[in-house]
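Peer 1: This is what each chain is made of:
There are 4 protein chains.
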Amino acid sequence: MTDFIPTPSVPAPDIVRCAYMEMVVTDLARSREFYVDVLGLHVTEEDGNTIYLRSLEEFIHHNLVLRQGPVAAIAAAAFRVKSPEEVDAAEAYYKELGCRTERRKDGFVKGIGDAVRVEDPLGFPYEFFYETTHVERLTQRYDLYTAGELVRLDHFNQVTPDVPKGRKYLEDLGFRVSEDIKDSDGVTYAAWMHRKQTVHDTALTGGDGPRMHHLAFATHEKHNIIQICDKMGALRISDRIERGPGRHGVSNAFYLYILDPDDHRVEIYTQDYYTGDPDNPTVTWDVHDNQRRDWWGNPVVPSWYTEASLVLDLDGKPQPVIKRTESSEMAVTVGADGFSYTRAPGDAINGEPAEEIGFKMGSQL
Amino acid sequence: MTDFIPTPSVPAPDIVRCAYMEMVVTDLARSREFYVDVLGLHVTEEDGNTIYLRSLEEFIHHNLVLRQGPVAAIAAAAFRVKSPEEVDAAEAYYKELGCRTERRKDGFVKGIGDAVRVEDPLGFPYEFFYETTHVERLTQRYDLYTAGELVRLDHFNQVTPDVPKGRKYLEDLGFRVSEDIKDSDGVTYAAWMHRKQTVHDTALTGGDGPRMHHLAFATHEKHNIIQICDKMGALRISDRIERGPGRHGVSNAFYLYILDPDDHRVEIYTQDYYTGDPDNPTVTWDVHDNQRRDWWGNPVVPSWYTEASLVLDLDGKPQPVIKRTESSEMAVTVGADGFSYTRAPGDAINGEPAEEIGFKMGSQL
Amino acid sequence: MTDFIPTPSVPAPDIVRCAYMEMVVTDLARSREFYVDVLGLHVTEEDGNTIYLRSLEEFIHHNLVLRQGPVAAIAAAAFRVKSPEEVDAAEAYYKELGCRTERRKDGFVKGIGDAVRVEDPLGFPYEFFYETTHVERLTQRYDLYTAGELVRLDHFNQVTPDVPKGRKYLEDLGFRVSEDIKDSDGVTYAAWMHRKQTVHDTALTGGDGPRMHHLAFATHEKHNIIQICDKMGALRISDRIERGPGRHGVSNAFYLYILDPDDHRVEIYTQDYYTGDPDNPTVTWDVHDNQRRDWWGNPVVPSWYTEASLVLDLDGKPQPVIKRTESSEMAVTVGADGFSYTRAPGDAINGEPAEEIGFKMGSQL
Amino acid sequence: MTDFIPTPSVPAPDIVRCAYMEMVVTDLARSREFYVDVLGLHVTEEDGNTIYLRSLEEFIHHNLVLRQGPVAAIAAAAFRVKSPEEVDAAEAYYKELGCRTERRKDGFVKGIGDAVRVEDPLGFPYEFFYETTHVERLTQRYDLYTAGELVRLDHFNQVTPDVPKGRKYLEDLGFRVSEDIKDSDGVTYAAWMHRKQTVHDTALTGGDGPRMHHLAFATHEKHNIIQICDKMGALRISDRIERGPGRHGVSNAFYLYILDPDDHRVEIYTQDYYTGDPDNPTVTWDVHDNQRRDWWGNPVVPSWYTEASLVLDLDGKPQPVIKRTESSEMAVTVGADGFSYTRAPGDAINGEPAEEIGFKMGSQL
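Protein chains in written order, with the working numbering: chain A, 1 to 365; chain B, 1 to 365; chain C, 1 to 365; chain D, 1 to 365.
Keep in mind that the hints were calculated from the coordinates and are not lab data.
Note that the coordinates shown come from a computational prediction; the quantities given were computed from them, not determined experimentally.
Backbone N, C-alpha and C define an ideal beta-carbon position, used for all residues, glycine too.
The reader is advised that the hints may include incorrect statements.
Stated by the list, open to error - Mimicking BS3-like on lysine-lysine, the simulated pairs with C-alpha atoms at most 30 Å apart in a straight line are:
#1 82(D) with 168(B)
#2 182(D) with 165(D)
#3 82(C) with 168(A)
#4 95(D) with 110(D)
#5 105(B) with 95(B)
#6 82(D) with 165(B)
#7 168(D) with 182(D)
#8 182(A) with 82(C)
#9 82(C) with 165(A)
#10 82(C) with 82(A)
#11 165(C) with 168(A)
#12 168(C) with 82(A)
#13 168(D) with 182(B)
#14 82(A) with 323(C)
#15 168(B) with 323(B)
#16 182(A) with 165(A)
#17 323(B) with 165(B)
#18 323(C) with 95(C)
#19 165(C) with 82(C)
#20 165(D) with 82(B)
#21 182(D) with 82(B)
What the hints assert, rightly or not - So these bits of chain B aren't anywhere near chain C, every CB distance computed over 10 Å:
#22 6
#23 49
#24 70
#25 71
#26 144
#27 149
#28 262
#29 276
#30 320
Said to hold, decoys possible - If you only want the chain B side, here are some residues facing chain A, beta carbon under 10 Å, derived:
#31 106
#32 310
#33 343
Model the full assembly from the supplied sequences, consistent with the hints where possible.
Peer 2: Listed below in structure tokens is the structure:
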């Protein structure tokens with residue numbers, strides 16, 4: 001039974017987009033190999049403890065901060081707001097929600113000015129900032145362009161036990177829902193929520209949380225993603241390809257999930273669609289639709305459902321993980337107990353009534 | 001213990017390439033939907049019983065003949081030879097091998113002239129022909145070009161119990177081996193063999209046979225293959241996507257396996273490499289290398305190992321299937337008993353000795 | 001000397017994006033061939049006089065209206081606003097500017113509700129609307145997806161004699177400048193202006209106006225644009241390819257310009273960049289930079305500079321065209337009198353001081 | 001009036017394919033920048049005077065040798081033959097033709113064994129060899145794969161005054177004609193000739209010769225070629241893009257022509273078609289067909305018709321250049337005197353008789 005988070009009386013901060021993630025890694029050199037040598041992110045600056053990275057088309061200081069630490073976890077998911085004043089708005093908003101907040105006029109990391117970090121009602125470390133150092137936008141630096149070039153930070157994805165609760169909280173915060181996954185009993189399994197004009201800036205995935213499911217970078221075209229797979233094969237780290245590549249049902253994007261040396265999950269993503277109209281239609285998927293997570297019906301590996309990164313509180317300690325009590329998407333769709341269909345029950349195929357046909361059994365559990 | 005087929009004293013016919021397959025289907029209208037409406041092959045001609053299809057860049061009458069029949073099976077795998085005289089050579093060659101042969105001066109199907117069909121030593125119905133009706137090559141008919149356009153018949157793939165036996169027979173017939181899969185005990189699991197300057201015109205896959213594993217059409221680029229998946233999703237027949245898309249280890253091609261209404265398997269394939277030099281290096285893969293069948297380490301679904309199409313004798317009756325007695329590739333690589341590695345044992349990764357890491361357990365059996 | 005348009009005291013309407021164009025064509029059947037048969041736009045509805053078309057990922061009723069008429073011209077460039085009330089705001093805004101306006105509660109065309117049309121201060125027929133009929137978004141209808149599929153209306157491009165005057169007017173209206181072309185004397189040759197988070201919803205090109213330079217549709221990938229060229233070649237209408245394909249310097253998009261049967265120009269466009277941050281950097285190009293219009297230095301054909309479509313007033317009569325008095329971009333950059341550089345003067349190439357090298361002489365005038 | 005070269009009585013050598021070019025460059029360091037840093041060819045070995053380069057999928061020692069020298073020129077166009085004995089055959093063949101030959105058992109360059117070089121009847125320095133050092137084929141080294149990766153040497157293109165004479169000589173040598181350009185007066189302007197199963201290993205272009213028009217490398221996909229353009233733009237050497245990218249009419253390949261620091265022309269090329277059947281249809285184009293050289297009707301720049309590299313005799317001295325006396329393709333198709341059509345005269349377009357419409361005037365002379 002969902003226990004909703006109250007709507008503050010003060011206005012929500014005007015959020016522009018997801019902007020960067022601060023990630024704690026346990027072996028900075030190995031993580032650098034992964035993000036710089038394998039994925040080709042561009043180093044804005046670095047020191048012995050921290051590396052600031054950005055994608056090709058970014059002009060703010062960084063999209064990803066790697067920081068050496070004892071426990072692999074996510075230290076912050078940062079959103080850019082529309083003006084300096086909106087940082088004040090964010091602080092006031094979370095204070096009214098009773099959340100712990102911390103304001104730093106000089107920022108928490110290099111390249112970011114005045115910012116507030118909060119332990120949000122779902123337990124996630126959110127940051128809101130406007131000020132940032134502009135750096136060279138590498139958009140036309142095709143001399144640096146690799147075959148698997150990452151061009152933009154696209155979104156975060158968060159695991160939380162109670163998706164409707166989280167969704168209502170994020171809608172209050174100004175996010176709009178582009179797509180969701182439900183069942184006929186009214187259970188919500190996941191929701192995609194955006195500020196910028198794409199399918200999402202963040203998504204909520206039902207599961208034990210708070211944990212961070214992944215962050216996602218966009219490429220220009222599908223072949224760029226295929227190249228990342230090919231390169232990981234050449235480097236003999238194909239076991240770090242967790243899932244995909246494939247076409248999402250939800251979002252319609254072409255995707256790939258890979259794992260960094262600490263098992264932080266990174267999605268590579270391209271070609272979702274424009275969502276900027278105020279009445280952009282929300283797409284709802286049936287959890288039993290076998291094409292919702294992969295349009296080609298390819299199986300979701302169990303680890304994708306069960307594993308995710310810890311998130312830190314403002315003291316840098318991992319937040320405790322709370323069990324999801326509602327049905328799990330994996331349980332209701334995969335394996336002996338699960339149920340999925342490729343064709344909606346009753347649909348005619350080639351003029352004959354369709355059988356309900358499930359997922360590709362042999363390739364799952 | 002392999003019982004080799006003797007080498008004839010007469011010269012082998014000079015084979016140009018795999019040219020067409022004659023396929024028996026049980027519901028011609030449904031098969032037409034699949035090959036014409038879904039895959040976009042071009043109809044050269046058709047009647048109530050038979051459809052002649054070709055890919056965009058073909059100039060001979062057809063690459064695929066669909067014929068209505070009571071039992072789904074492969075009636076012929078046809079190779080084009082270099083001149084009319086080579087049909088004689090083929091007939092003499094198989095006669096010396098003691099095989100049943102049938103010669104028809106007017107061809108077995110429309111659009112093909114003088115041809116000989118044989119029940120070859122492995123039990124497969126091979127055809128050899130030179131004469132064919134030239135038809136419009138549609139290469140620059142971009143007004144007909146679909147997003148998933150198939151441009152060329154690339155190869156056949158045959159299942160046979162004893163791969164070394166079959167390989168020696170095909171080498172005698174003039175095929176050259178481009179790649180194979182073996183283990184350290186000397187067992188051969190598969191071999192790829194070519195006449196034209198690609199990785200194969202046909203391949204031998206170890207298993208119960210004679211059966212036909214698949215035929216393969218080539219596209220120009222990888223996105224064409226992705227479109228075929230996307231379209232099958234849109235048509236809600238994603239359960240007919242059996243395996244892929246992916247990058248092969250063997251052949252380096254980008255691939256997809258789909259199933260027609262009779263479960264005949266079709267591969268869509270692009271971008272293998274040139275093999276035309278006389279000393280083109282043969283690539284041997286270790287059966288335990290988890291990237292041999294999919295360079296990204298994605299699992300091979302069991303059905304891909306176990307299922308294949310029956311083949312017909314010259315009377316049109318299915319050939320009996322003989323069990324493979326040697327190790328099966330599936331048994332030695334998948335599941336609890338299998339063993340696979342992503343990194344070769346002892347390889348260093350990031351300066352540390354690599355553990356041997358197997359396939360992605362969760363997504364297989 | 002620019003004579004600026006005053007800033008109204010009432011707020012500008014909150015514009016979401018460019019939404020559709022109403023185009024008068026002189027032979028509806030021929031135009032239908034071009035937009036439907038060649039380009040593959042989807043017909044929402046049509047009658048003997050009018051065709052309503054949309055791109056694959058559109059969910060509003062149409063992006064393009066073709067209407068039979070005696071003189072080829074643009075009847076309206078329509079923008080969607082954020083709410084029904086913003087149509088009132090637009091009406092008030094233009095009334096204060098002293099512009100002629102016409103309000104129709106039932107819309108000017110099918111599928112659009114309450115709307116206001118104006119003869120704007122530059123002489124263009126702008127429309128503002130919120131209400132629209134939602135139609136099937138075809139995003140995942142890959143069964144309909146052609147090899148050159150157009151997925152989104154991207155922008156308009158307007159020809160006007162005085163670019164700074166137009167730019168100031170559009171900035172007042174809430175547009176933000178992403179890029180522009182200037183010279184060292186302070187002349188502005190063109191400006192790109194956006195509401196949605198791409199490089200532009202409309203652009204101003206210096207020239208005799210008011211005229212409409214083009215409208216642009218987006219594809220997913222570059223190969224989709226190449227296919228459109230290939231198809232036009234196959235249809236033997238390659239002379240309707242006016243310019244490109246190429247990579248723009250401005251916007252970084254991959255582009256193509258083609259001409260419809262009435263010489264209305266259509267751009268096909270893909271992969272510009274995200275501009276949604278409030279401090280998105282404005283890129284200014286030197287008019288003498290030979291890579292500004294084509295990153296590869298390929299020539300701009302003179303017709304692209306000189307030709308454009310007439311626009312209509314609210315009575316349906318062509319607006320008179322006023323001469324540009326400032327320098328023309330063509331004159332200052334092309335041919336014997338023009339000056340262009342590929343490398344900025346003084347730049348070192350390979351360690352040696354670069355000569356200034358102009359455009360590719362042989363392939364221009 | 002063509003003065004044909006006699007057919008030798010001894011058999012022609014059995015040629016496999018075009019294999020490498022030896023190119024004299026005047027500034028080895030600058031050429032290295034171009035071929036290695038810009039184009040990404042892989043260095044097999046190098047010293048102060050010579051660099052041996054190969055494309056990704058090559059397994060012989062090199063495809064291109066750059067040698068420092070006083071005059072930019074082509075020292076050899078080398079073909080691989082089918083066996084060591086075929087080198088003898090080549091030597092005998094050219095001796096009978098009365099050509100100067102030079103045999104070196106240890107090869108003329110590193111990585112190549114026994115070889116014969118000849119001054120052929122057209123004045124070109126051809127080499128024939130079989131023996132070569134095998135090197136790592138980098139096919140699956142996706143860790144080295146650049147966004148514009150060159151994978152294969154595709155062909156040479158030679159300028160010669162009398163195309164029919166050259167064509168007959170090359171047909172005697174075992175080449176087969178895949179396509180040609182003619183006019184209704186019987187003049188041949190160019191011919192494409194192959195040994196391997198692509199459109200060509202070499203082509204003859206009518207013009208002042210002997211000169212080498214270009215050598216061509218293949219990429220996997222079209223976007224790889226676009227990236228090369230984009231990169232040359234980023235390096236501000238777009239003026240070294242001479243022509244394209246575009247789609248050829250002849251060969252159907254997607255192409256680009258660029259110029260190295262010595263003005264040696266390099267084509268980047270992808271996706272022609274299979275020509276391996278003995279009766280592969282020859283395609284003849286009308287010289288006045290405006291889509292023959294560019295399927296999209298984009299203009300051929302004059303330099304492409306007039307400029308080419310000198311070739312050396314066996315003493316290393318440039319061969320004198322002999323004028324073409326027949327009509328020049330440029331003269332008959334470009335500019336005021338030329339004539340071209342996009343639609344064949346009399347063709348119906350949209351149900352109306354087509355006017356003959358020429359090339360895009362504005363963008364040519």
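Peer 1: Tell me, which hint numbers fail for this structure?
Peer 2: 11, 13, 14, 26, 27, 31 and 32
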